[in-house]
Every structure is written in structure tokens, then in C-alpha cells.
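Engineer: Model the full assembly from the supplied sequences, consistent with the hints where possible.
These protein sequence lines map, in sequence, to chains H, E and W.
Residues in the first sequence are numbered consecutively from 0, following numbering that gives the first Met the number 0.
Residues in the second sequence are numbered consecutively from 0, following numbering that gives the first Met the number 0.
Residues in the third sequence are numbered consecutively from 0, following numbering that gives the first Met the number 0.
Mixed in with the good hints there might be a few duds.
Simulated pairs of lysine to any residue, SDA-like, Cα-Cα distance not exceeding 25 Å [unchecked claim]: (1) E/Lys-18 to W/Glu-127; (2) H/Lys-159 to H/Pro-137; (3) E/Lys-194 to W/Met-142.
Footprint (simulated), chain E over chain H, 3 or more residues, beta carbon under 8 Å [unchecked claim]: (4) 101-109; (5) 183-189; (6) 200-206.
Please keep in mind that the hints were generated in silico from the structure rather than gathered at the bench.
Given the structure is predicted, the values throughout are model-derived calculations rather than measurements.
Glycine included, every Cβ here is placed at the ideal spot set by N, Cα and C.
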Amino acid sequence: MKKSQYTAVAGLGVAALALAGCTGTTTPSTGATSKAGATIAFSTVSTQIPLITSLSDKVSDYLGGSGYKVTVQDSAFDPVKQGQQLEQAANSGSIAGAWIFPVAAESLTSTLKMFQSKKIPVVVDGGPSDFGLQGAQPGIVFVASDFKKYGQTIGDEAAKCAVKAGATQALSLRASETAAGSVAVRDSIGAAFSAGAPDTQVVGTAVASDLASAQTKVSQLLIAHPDASVVIAATDETALGAVNAYAAAGKTPACIIAGGGGPDLMAAKQAGKVTAVVAWDYGAEAEKAGADLIRLLSDPTSDGGVFTTPINVTK
Amino acid sequence: MTMTGSVHQLSRSKRLPAKVRGLILVRDQGLLMLWIAIVILFAYLAAPYFFTVATGIAMLNSASIASIYAAGLAVGVMTGVFDLSVPGTAALAGVVTALLLRAGVPVWAAILAGLLIGVLVGIVNALIVIKGFDPLIVTIAMLSVLSGTSLILAGGNNVSGLQGLTFMGTQTYLWIPAPVYIALALFLVLTVFLKTTRAGMRLLAVGGNAEAARRVGIPVSRYRVLGFSISALCAALGGIVTSAYVTTASPGASVSIVFDGMTAVALAGIPFIGGRGSLPRVALGAIVVATISTGLLLTGVQTYWSSIATGVLLVGGLALNMWTSRTATNLLLTGDTGKRAVE
Amino acid sequence: MRNERAFELESITVHYGHARALEDVDLHVAEGEVVALLGDNGAGKSTLLKVMSGAHRPTAGRIHAHGAEVDFRSPKDAAAAGVQMVYQDLALVDAMDIAANLSLGREHVVKGPLGRLGVLDRRRMRKESQAELDALGVRTAPMTRPVELLSGGQRQVVAIARAAARLGERGVLLLDEPTAALGHEQTELVEDLIRALAVKGTAIVIVTHNLPLAMAVSDRVVVLNRGRKVGDIATSLADQDRVVSWITGAAVQGD
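Structural biologist: Shown next as C-alpha cells:
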């Protein structure tokens, strides 16, 4: 149960939070009617995912800086529970707004309608079409993720590095395809890599959702394909597993290109063990969407923004 | 009626009927035959990568961590309980060890503390279960408490950079990685304990027929505590070795540990009603699972097949086991093999 | 010298609330005597068995073992007074071998430091188990065979032998339906074992539905009906039809 959902989140790229630190926090200057002290619910896929925990910290910091209180709701990977928790909070009048990281976007449509009718503004991760809606909506801020572009960026980076290194063999790692957007990510990585590095063959593919199994699988692939020197890893765990596996085998890879960006991966990047990290820039998103949420809090019937999460490449 | 000279023979004692012996052979050695068949299959399908010493060692390595958890679950099952708190215990032990290491505590002390946490969890589990609560629910509750605790302790983040544990993680000795030795030592100690000691024998008796054990004066509760403690100790060891292997302690309890471990236990033919089971076969069960996963990885088949293959194998193994046991018992009970010999 | 009163129940009464399970029942067994306790379902056989084995305290009445009055608060007390019971479910550990089942609870450890670690002396356990079975004049399968691979009769023999080994001299053995679900030949084996134990001086009470078994193996039959003793007669003097009429309640002794 945990595996696939963990992947869902990794696929969404929450990981990028670590980057948020450097953007700094600006206090928005809307607030015609002050709702200071009001509560915003942060509804998360699961509190067991460290990366989302740090996202909620970022959101708390930002909104807290404007005088709001953020409470975290744990959906424990259950879309039904997520909807119920949000609706209860809305009905009880205990929250002024919400920030929702959907377990399953399509199952939240009615919840969003209810929030609209109660004039409680929300930020949701996903585009309007993910929720069966069209275009901008009153009281809802959308932050969509362009999975195709994300995968393409990873594939391009990997191809550039492989060509530069003259590598002939590559390993491709990812988490299982049950998560939102992960199929698009997988396909666009493959397309971009083979277009950009036609002479590098992907000799091994592994699906792993946790660090230990990623490490084990990369170790085994390395025994079969000792010349594989490029790693394309779609998630934090697979990238870190590859780092460990190469170290254990006493080898140095030419390129490890990772999609993700959690604290451990960024530390590995800093230590020079990872070539490049492609990440959703959730820090920037948190600020843009946060500012828009605060605007809606005083004007809940106006349309919220429709944003796309920027993608950052750290080399 | 006098006693002298009336020695009754209840069966043609020394040998069981050939049919029964055949069934027992299938039941006891079926897994080994299956494994050999799988190895041969992959040696062909995944040539030239699969059938090499290096791959064999890598496979053993991946089986070894899973087998540590499986050992704990197996001891639990033999004692008659399904210990679902294993992933929580593993996470907590890993996190505690990691945090202590980070705080500068010597490696041995940090590991010891992690293991002690395990024993403590086992004792608490047992003390609650002894009160008459359903072990399944108690251990689920414990799983929940433990994963929450380790998340709080770790602040919701992974505790990484555990280079001090490499000696029991990725380090190799004589080309073989440390977890293999650890698993081997654990299985050796537990097997000797269960097979040759009084406590081991009583533990199995309590698992097999608690009422029988109670009637002959065995303090059943004490052995329940022992069973839970061993199970939790293995879980803690598994958690620490996993953390050492990836140099990172993850506070999230990974429930898949239970499924993988139970797969190995079930493949080993250990009935979940308790009282019997062979630990070496649990190790073989873990190796079978690792072989399938490695083989499919190297053949390049979509790895989801690994999960399907494991499931099919599991039900197949159970069916075979049930069939052999039932048939053997029926032959013995109804076939009246206890014919009296001529005096 | 045979003690005519190895085990004696006097005016045993058991009430469950208003329900009267046993009313003023007397029963005695001599050393070396086999008493068959007969009765229909609900006649009070199992209640009386529970009283004798210490699992249930009577509402009124006294129990004497070898002349001394005893008060059984638990099966442990009964065992201490030399009363052992073989339950119908046998309470054997199926996966363990015969030797382990016979030794369970009084296992031998090896001498020396390994013994202090609790290492079992399996050889000694096997030898003593074999000796215990030999003493009863039965030879079952090899001591290393798991109980689950024994026939029904062999299992019953192991269970009885285990109880007998814990009796010591002049004990009292209670058997609950010892031949239920056994075939003809295996029933005979168990009957022979029961007679062998009696010859050694064990006082035996067999609780059973099985009239032929009672007639074949017992010295005396005692019949309960609706909580009262309705018949108590030497087997050699008993006429099967009359015993049946006592069981069904069509008549009582002395009619």
C-alpha cells in the first residue's frame, strides 16, 4: 500500500522542497479584511512521507508569516478519508481555507464544489481538468504539474551527460506506474533519452519503490552489465539506491541523473555523487499559490490562478 | 490376563508405508526441487547473466535481509501468533540506532540499544496478548504506535549518513556481503535453539497445542513472552541491517516486509496454526523469492511478473503442502496401518 | 494387599444454579480395578469426571484418595494426589515425536555446562520413553516418529502412557472415551493396555458411551441417569439388557 502511494508523491515531485529555502519568504500585501489567526488545513497524502512533511512546513512558514495557522490533516493514502476530513472541517466552520495534495484528484470534485459553495478558498495540486473542471474557477487555485516536460527534462539531461561521457550502456530506474503522471514521465524520459543519446543503449530497467530494493536491483544489474555507466533515475529512492550500489561495487558512474530532490538526494548532489537533479520547484509554487490563496481569502468568489509548477535543474 | 509375554506391536513399526514416505519427501523437499527448477529455468532464460557466482552472491544478499524478517515472523507463527508489528519494530530499531550513532554513541552500544528496543516491544506485545486480547489486533495496534513513535523521533525525515554501520551493510568479507553472514548466524542460532534446547521444545509445544503444554505443567504465558521477544528481536535486527545496508534509517514502517516475510514462511510450508516448521526452509523460501525477482530483473521481463509469480507460487505451495499432509494423515488414520503383528 | 478404597467419592452433589447436575453420587474404585462409568448424554458423566479430575469443585460431598480426604481445587491438586486424566482430545503435540510428547514438562537436559544452557538430552528422553512403553507391554512406532504420523490407536496409547508415567505407584487413572473413533483392532489394543495397567495396580475409571467396551474391559459398571447413580454392579453379574435399561432410564437397580 505504502509503496505505490509513496511513488505517487515522488512522481508529483514534492521533493523539490529543499530548494524552497533559497527563495526566501515575502509577506504578501493584500489583506483588505484581515483574517489573521484563521486556520488553513493542509491535507496531505500521508504524514509518513518525509518530503510532504517538509512541504507542509514550508506552507506553514509562509502562511504563518501572514498570521494564519496551518493544521495538517493526514489522509493516510485514502481518497475517501481525505474528502471526508475536508468536508467535516468545512462544515464545522473550523477552517478558513485549505491546501490540498490530492490522493486521487478525480475523487475530490464534489469536495471542491462544496468548498466553493461555502466560499472557502483552496489550493489544489493539479490542473482543472484533473478534477473534471474547465479553466479558472472561483475560489480555487490550481497548481498543475507538466509530467511530460518533467520526464523530457530528465531524459535530456541524461542524454547530454551520456553523450559527453561517451557512454554506451545505461540503466533506467523508476517507481511503479500506479502513481499519477508516472506513465507520462516514464514515456517522455525514454523518448528524450533515445533521441538525445542514440548510441547509448538502455541495458537494464528496474522498478523499485524503496531504497533497499533499488540498491539491490542496481547491484544485480551491475553484475550483469558491468559497463553500464549512466543511471537515469526517476525518483529519489532509485537515485540514492544507485549511488549506494555503485559505491558498494567499487565503481564510479559517469552520470546519475535523478528526478526528485529530497534532502538526502540534494546532499548526495552536493557531495558530487549525483550528476544532476531535476525537480519541481515547489518553493516558488508555495509562494505564488500561497499569495493567491491569501487574496482569495478576502475575495472568495473571484477566480483563482491556474499555475504550472516550474521545473528546476540542479547541476 | 498377565503381562508377561504379551508385547503388542502397534504397527510394522520401523517403516512407514511407502506412499506416506513419498508424500513426506515431497512435503519436505518440494521447495528445494522447486528452487532448483527455477534456477535452471532462469539460467536458460537470462543467459549469460544469471548463472554466475557474482549473481548468486547478489541474490543471497538480497535474500538475507528478507530472511531476517522472515525468521522473526516464522518464530512468531510457530509459537502460534501472527506478529504484524514487525515492520514497526524494524523502523523504530533502525531509527533509534541511527539517532544514537548520530549523537556520537559507540556503534556497539547503538546497535545494542536498537536490539533491546526490539525485545522490549516483544515483551509488551506478549503481556497484552496474555491478558486475552487477540494477537492480530494487538500487533496491528503496536505497529501503529511504533511507526508513529519512530516518525516523531526522526522528525518525519530519513536519518541518513550511517557510514558507521557499513561493516554490517555493504561491506564484503571473502567476497560475501555482511548481511549474508548475519542471516546465517541468526538462522544457525535459532535453529539450534528450537531443535536442541528445552526452551525451544517447549516454545514449539506451546505453539502446537497450548492446552497440551498447560496440562503437563508448562508455564504457557512465559513461553508466549519468549516467542514474541524472539520475533521482535529479529525484526529489530532486520531494521538495523536494512539501515546499515542503505546507510539510511527510514522511519516509515514498510508493510511489505510482512508480506515478503510471510511469503517465505508460507513457501517453507509452515502452517499458520503453529507448532511446527523448519527455519532452514524459511531461508530457502526467502531465497526462492529473491531468485524469482533477480531472474526476472535480468531477463528484462516486466518486473510486475515477479509479483504475480510469487503469488502463484504461494498458493501452489500451500496446496501441495495441504494435499500431502492430508493424504498422509488419511492413509495413516483410516488405512489401519497399525495392524497387529503376530506375537 | 489390595486397597479396596484407592479412590472414593462420597455423596457428591453438583448444582449449577437451579440445575442439578449430580445428586448424592457415591463411587469408589479399588487398586487394580477398572470401573466403567456409563450414561446417556446429560446423565452427569462429564460433570463427575470434572469433579474427579479437579477441574470442578462439587457443591457438596467428599473425596478420598487412599483413605485420606482431599480437596481438589485444580487439576494440579488432583495430579499431586496421584489422579491423572486422559482427555478425549488426547492433548498431544502433533508435530513432535513420541519421546518428546512423553517427556514434555519433565524433559532431561544433558549433564555439564550445556545442560545449564538447557540443551536437551534427547537420547535419554528416547530411552526412558521407550522404557515406559515397554513397561506397559506395548510397542508403538519408533520413539522418533511424530505423533501426527501415528494411527489413532497409537496416539491413544501414547496419551495413556504419558498419564500412566506420571502416576507413580498405585495411581488413579481417568479415561474419557478412550476408544472413540477407533477401529476394532485398535480398540482391542487400547483395551489390552487398560487391563495391563490394572494388573499393575492402577485404579481406573473409564467414562464411555460404548457399552461393549465397558463390558469387555471393566470389573464393574456404574450407571448414571439424570445426575443420580442408578446402577452399580460387577460386570460379571451384569446383564447387558438391564444395564441398557438403566442407561435409558427405563429402570433402576433393584427394580
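Engineer: Quick one, are E/Lys-194 and W/Met-142 close enough, alpha carbons at most 25 Å?
Structural biologist: With a Cα-Cα distance of about 16 Å, the restraint between E/Lys-194 and W/Met-142 holds, given a limit of 25 Å.
Engineer: Counting residues of the segment 101-109 of chain H whose CB is closer than 8 Å to a CB in chain E, do you get three or more?
Structural biologist: violated (count 0)
Engineer: Count the residues of the segment 200-206 of chain H with a beta-carbon closer than 8 Å to any beta-carbon of chain E: does the count reach three?
Structural biologist: holds (count 4)
Engineer: Checking C-beta pairs, does the segment 183-189 of chain H have three or more residues closer than 8 Å to chain E?
Structural biologist: It is violated, with 0 qualifying residues against the three required.
Engineer: Assess, step by step, whether the Cα of H/Lys-159 is no farther than 25 Å from the Cα of H/Pro-137, and give holds or violated.
Structural biologist: violated (43 Å)
Engineer: Please work out if E/Lys-18 and W/Glu-127 have their alpha carbons no farther apart than 25 Å.
Structural biologist: violated (31 Å)
Of the numbered hints stated above, those contradicted by the structure are hints 1, 2, 4 and 5, listed in ascending order.
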